Amino acid sequence: MSWDPQASLKAIETAAESFNQEEAERLSKDLVSGLEHGETIEAATARKILGALRRKGWFVLLEKVAEALCFTEQDDAQVRRQYAQALIDQGKIPAAIYVIESLITRTADDPAENAEARGLLGRIYKQLYVNAVNAGGSPNLALSHLNLQRAVDAYLSVYRSDPATHLWHGINAAALAARAARDGVALNNGPDPAAIARDILATLAAQEAKAPLYAWDLATGAEAHLALGDATNALLWIARYVQDKKDVDAFEIASTLRQLTEVWGLTLDKPPGAILLPLLQSQLLDRRGGSIVFDRDKLAELRQKTAEAAPALEKAIDAAPPPKNYEKVLGKEGVVTLSWYKLGLDRAKVVAKVLNPAGDGFGTGFLIRGGDLVPALGDEILLLTNAHVTSSDPAVRTKYGSLDPDDATIIFEAFEAAAGQEFKVKKLLWTSPPDELDASLLRIDPPAPSLQAYSLAKNLPLVDNIQKVYVIGHPGGRTLSISLNDNLLLDYDDRLVHYRAPTEGGSSGSPVFNQSWQLIGLHHAGGTSMQRLNGKEGTYAANEGIWIQRIIKALGEAEVVEQHHA
Amino acid sequence: MAHVTFIHGIANKPPQDQLLDLWLRSLADGGGLDLGTEGVTSSMVYWADVMYKDPAAEVETENAGDEAVAVQQDAAPEVNVDLGDAGELAWTASLAAKLAIPIATDTAVEAVADLGPSPVKETLERIPLPWFIKERLMKVLLRDVHHYLFNVKYDPGRGTTYQVQDEIRGRMIKALQEGAGKPGPHVVVSHSMGTVIAYDCLKRVADAPKVAGLMTIGSPLGLDEIQDKLQPEWTRDNGFPFDRVSGGWVNVYDKLDPVAGFDPNLANDYRKDKKNVVDDLNEQNYGSWRHDISKYLRGEHLREKLRGLLKL
Chain D
1 MSWDPQASLK AIETAAESFN QEEAERLSKD LVSGLEHGET IEAATARKIL
51 GALRRKGWFV LLEKVAEALC FTEQDDAQVR RQYAQALIDQ GKIPAAIYVI
101 ESLITRTADD PAENAEARGL LGRIYKQLYV NAVNAGGSPN LALSHLNLQR
151 AVDAYLSVYR SDPATHLWHG INAAALAARA ARDGVALNNG PDPAAIARDI
201 LATLAAQEAK APLYAWDLAT GAEAHLALGD ATNALLWIAR YVQDKKDVDA
251 FEIASTLRQL TEVWGLTLDK PPGAILLPLL QSQLLDRRGG SIVFDRDKLA
301 ELRQKTAEAA PALEKAIDAA PPPKNYEKVL GKEGVVTLSW YKLGLDRAKV
351 VAKVLNPAGD GFGTGFLIRG GDLVPALGDE ILLLTNAHVT SSDPAVRTKY
401 GSLDPDDATI IFEAFEAAAG QEFKVKKLLW TSPPDELDAS LLRIDPPAPS
451 LQAYSLAKNL PLVDNIQKVY VIGHPGGRTL SISLNDNLLL DYDDRLVHYR
501 APTEGGSSGS PVFNQSWQLI GLHHAGGTSM QRLNGKEGTY AANEGIWIQR
551 IIKALGEAEV VEQHHA
Chain R
1 MAHVTFIHGI ANKPPQDQLL DLWLRSLADG GGLDLGTEGV TSSMVYWADV
51 MYKDPAAEVE TENAGDEAVA VQQDAAPEVN VDLGDAGELA WTASLAAKLA
101 IPIATDTAVE AVADLGPSPV KETLERIPLP WFIKERLMKV LLRDVHHYLF
151 NVKYDPGRGT TYQVQDEIRG RMIKALQEGA GKPGPHVVVS HSMGTVIAYD
201 CLKRVADAPK VAGLMTIGSP LGLDEIQDKL QPEWTRDNGF PFDRVSGGWV
251 NVYDKLDPVA GFDPNLANDY RKDKKNVVDD LNEQNYGSWR HDISKYLRGE
301 HLREKLRGLL KL
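Residue numbers (this note's numbering), protein chains in the order written: chain D, 1 to 566; chain R, 1 to 312.
None of these hints come from the bench; they were simulated from the model. Model, not experiment: these values are computed from the prediction. Any given hint could be a false lead.
Calculated cross-link-like contacts (lysine-lysine; reagent style BS3-like; alpha-carbon spacing at most 30 Å) [as the list claims (entries may be wrong)]:
{"#": "1", "chain 1": "R", "residue 1": "Lys182", "chain 2": "D", "residue 2": "Lys458"}
{"#": "2", "chain 1": "R", "residue 1": "Lys272", "chain 2": "D", "residue 2": "Lys553"}
{"#": "3", "chain 1": "D", "residue 1": "Lys553", "chain 2": "R", "residue 2": "Lys311"}
{"#": "4", "chain 1": "D", "residue 1": "Lys458", "chain 2": "R", "residue 2": "Lys98"}
{"#": "5", "chain 1": "R", "residue 1": "Lys305", "chain 2": "D", "residue 2": "Lys458"}
{"#": "6", "chain 1": "D", "residue 1": "Lys458", "chain 2": "R", "residue 2": "Lys210"}
Bound-form chain D, shown alone (with noise of 0.2 Å):
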């Protein structure tokens, strides 16, 4: 193979683009061979190589392309301090920090460079102090003190070097400093967080006077206000942070989740958490490769204070003096996102586990209406998941390992009409097999209670590049968990559906939903190497769902009537 490392880098994205590890594997293994046998590579092409697999977490693959650059002398500051990322990220502390100080001291003569690496040092010490005491359990209390004090003063000694530059590093100060009085934790020299917060907000509005804000600058400016105790400029901020779709992507969002929850220690349990952390994480499901994985035991909570957040921003936005410029910004984009949130939390009612007889998860099923899928079925709720989790047909059990109906057992984490219970199939009223429908049309004993209604699609979304689709499953292995990712539709014909897929494996039988949180299909499958559609050659990386209106079809053809009434 030529060495092209544009092509590489191109290659490398569209792999970022459709998460396909695999070929984002080999791509980097060639390069790093490729390295390895003296070819080279030019500095900026090396950084968005690397900045295209550290934004899909592929943190092996970082290090090692990182690597491979460093050991070739092909690096420079930057690579350097990707490098160390990817060992952050891997929890490879010690070495991180020894990549971390000798590019400090390799960068001496190049403030701007000095200062990033002076901060990464700061942000390792951060993480490590944030892991130790959020964990719980018995920290080592000398080390994890001599941690923040360290991660305050790297922050603090570039933030003094020039307050009006760095702003970043002053405001981690500032959140640390006023984590370690929550924490009881005296620091030497520590800063006044409330001096650092006034400073920087008397920056960015001298800033502001003369160009709008950078959305980073807006995190900080939020993050300013909670310093301040000010809950509502804050949430002010936030929202106008929110509203840049363009900087602000998914793991913008996630890293300022993540600030906000380990540093600042916000719960939803409590204000500004309690508006704030369903703000950000609607935003984040709104944006492209947006996920969110919750625990079963807070999603009611969070349902609940997701549906008082949209009101309470509504008013906080109607409440504040209208800054010049931001007339979009108050336009309530914000407020509906956090309805449309809180309708998808809604949708996470419907979502059963299967169990097998050990009491395993075994696959995930829905509960719908039954008159949704066959009109004299009236409103009896059913429950649909994949034959490949459930059948009747014993051939399908051999071929396939599904689980004998009488042998399945189902619970609902998230729907609290059913909490505690466990159900039993009375009946299975239909199945098709995995090579055709893949689907298992089940009543359930008890009946299942009375669910709000939900509506089916009638057309598919366009695919447009634009559209996508989200999945409400139990990812394998979580069992505690519900995981709500959004997929970008790739294509579908009369039978499938396919939309790329962040997700693990394991949802099967899980609703897929549209942008509107209407029903589209039943998840049934997915990997690296799925057959592209509508007599299109090739595969590709692709999750794989049945059309709803496809199996109300065959419902209808099969006369589930007849059989539910005999």
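Since the structure of chain D is already known, use the hints to place chain R on it.
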């Protein structure tokens, strides 16, 4: 799969794909009608380039398609009307009077003066939009309507000369034919001057295909001067384009929209066998410029009616 053919209104616009995106986003905003999610395809009949040399700059605001924004970016347009013909002069003067604008010829100003005080001035003064912007907008409307209805030969400044009506009709008919090839209901959604073009094509162009529904928004079709120029095909008793609109015609207006405001109701002017069948809908907008399409498309009632036309 249903299809919507959009056609825009007066003033300069961002490039075609950006304009379509803005309309779609406005319609979907705030949990509204997301055509993509509903599987509805769409296209935009773009004709701003017939009247303007370059597209308007993309403005990253929710009202980027707003004529008030576009007009503020431009120099005041000339009402460049060839007034050689006495009938044309009278027509222009009469329409200018209704739109409450002076036009830039002495003769025309005299003609306007002869008509006395503007009959709509009082209404317009209730709208807190700076008068100079309003005046520019009305001038743009006057010019566009005139150039279209009189099929004026016009060079927007790129060295290409268009017969305005022929050119725009051609684009509209092409878009209608493409929409007719789709399997689901095909609905035309038009705004402002675009309503005049849509109506003209659906009522007066023989080879225009049939559509399932028509929506006019902020339309000046209620003005007598425009109706006069749509004759002989238009008559008050049979003005509905029933040959090519098989379903409903929904007309959406805001009473304070200066383009539609003079005579916003169309049911009495576009009847079908002497019966009022156009569904006139008053959608309350907000802010200083009520003619803005992005505001109309955020309207709850408009969205509901469009859902109905598309059979969603």
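Cross-check of the supplied hints:
The suggested pairing of R:Lys182 with D:Lys458 holds, with an alpha-carbon distance near 17 Å, which does not exceed 30 Å. At most 30 Å may separate the alpha-carbon atoms for a hinted pair to count; R:Lys272 and D:Lys553 exceed this at roughly 40 Å. Of the pairs offered as hints, the one joining D:Lys553 and R:Lys311 holds, with about 20 Å between alpha carbons and a cut-off of 30 Å not exceeded. As the CA atoms of D:Lys458 and R:Lys98 are separated by approximately 46 Å, the hinted pair breaks the 30 Å bound.
The hinted pair formed by R:Lys305 and D:Lys458 meets the criterion: a straight-line CA distance of about 18 Å does not exceed 30 Å. With a C-alpha separation of about 24 Å, the suggested pair D:Lys458 and R:Lys210 falls inside the 30 Å cut-off, and the hint holds.
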